[in-house]
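Please build the complete structure, drawing on both the sequences and the hints.
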Amino acid sequence: MNIPYTVETRPDTGLANGKLGIWLFLASEVMLFGALFSTYIILRTGSVEWPHGELNVWLGMANTFILIGSSVTMVMSWAALKMREWGKHRAYLIVTFLLAAAFLVNKYFEYADHIRRGEGPAHSTFLAIYFTMTGLHGLHIIGGMVVMAYLIGPGAKLFKSNPEQFTNRIEYTGLYWHFVDLVWIFLFPVLYLL
Amino acid sequence: MQSDHAGHAHQGGHSDHGDVGSHLRLYWMIGAALYVFTIITVAVNQVHLAIPLAITVALIVATIKGSMVATVFMHLGNEKRWIYGSLLLTAFFFVAMITITTLTLRDTIGTATVHEVSTGAAHPGAVER
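Those protein sequences? They're chains A and B, same order as listed. The first sequence stops at residue 194 when you use my numbering, and every number in between is there. The second sequence stops at residue 1129 when you use my numbering, and every number in between is there.
A couple of the hints might just be wrong.
Claimed, not checked - In the DSS-like style, the derived pairs of lysine-lysine whose C-alpha atoms are separated by at most 30 Å in a straight line are: (1) A:K157 <-> A:K88; (2) A:K107 <-> A:K88; (3) A:K88 <-> B:K1080; (4) A:K88 <-> A:K160; (5) B:K1080 <-> A:K160.
Read the hints as simulated data drawn from the structure, not as lab findings.
What follows is the structure in structure tokens.
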């Protein structure tokens, strides 16, 4: 039995189910990260002093560049697929995956440096919220990488049997990935610069 | 039950894409603009503005960058009303959550004043922060 409305649009919503589903998921993600940003506001405004310059701005900036680049390659991967350019799609998706891995490698060096200096989450309120927010964001990066690995690997077979459905899956993955980029766009100034 | 291959109208929004090719240049340009805005954010940080001004500038630039990602990369510039509707609800609850959180900053119920803590004369039930 086929699952309905994976490609064709529902008459009531005008959308395929997957598209509405991913947007509702992203809505819940907005509230999740929103709660953490609220926590940040409470902690920061309630503290007598707030540290500046504890984080490496240049590493944070490099990671911002990496994530923006990955967002561009992700949307290009989807666009290539819409134009049925399979080779380009694969190349862009693999580059996106590698950029995500580069982000995590960078983050590893940042975390390792803090831990080596004894600056774990328990060291200060600032580091507690820093590790919580960037850690949750990092988990989202890993989640995106798992989905991309599937679509590069075994999931790619779907393109032969149902290219439209595969294209939709790439689009939904892209929406999630752009959201992860969007969250970092706010995390970077809030944690590294202000 | 409907089939995936029923030949019905396909995914809408930005996805009716005979013209996807014409957007490629836009995607690259938005990527370049995001890089430029990131450099601006860091550059402004290096001149050490007053904290309130620095926060304002950084958040304005971040909001511009976020809008570009949402509008172009996530295709929100041209979507269906069900998606706009769900995002409108999300925005409402997001603003409500931030507002309620911020309002608690003025809440001093159950907290001791500085004088009371320093003299050890906190009223019953008071909590030291």
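Hint-by-hint comparison with the structure:
Restraint check for K157 (chain A) and K88 (chain A): satisfied, since their Cα atoms lie roughly 16 Å apart, inside the 30 Å limit. Proximity of K107 (chain A) to K88 (chain A) is assessed by CA-CA distance (about 29 Å); at most 30 Å being required, the pair is judged to hold. For the hint linking K88 (chain A) to K1080 (chain B), the alpha-carbon distance of about 29 Å falls within 30 Å, and the restraint holds. A C-alpha spacing of about 16 Å is found between K88 (chain A) and K160 (chain A), which places the hinted pair at or below 30 Å, so the restraint holds.
For the suggested pair K1080 (chain B) and K160 (chain A), the alpha carbons sit about 29 Å apart, so the restraint of at most 30 Å is met.
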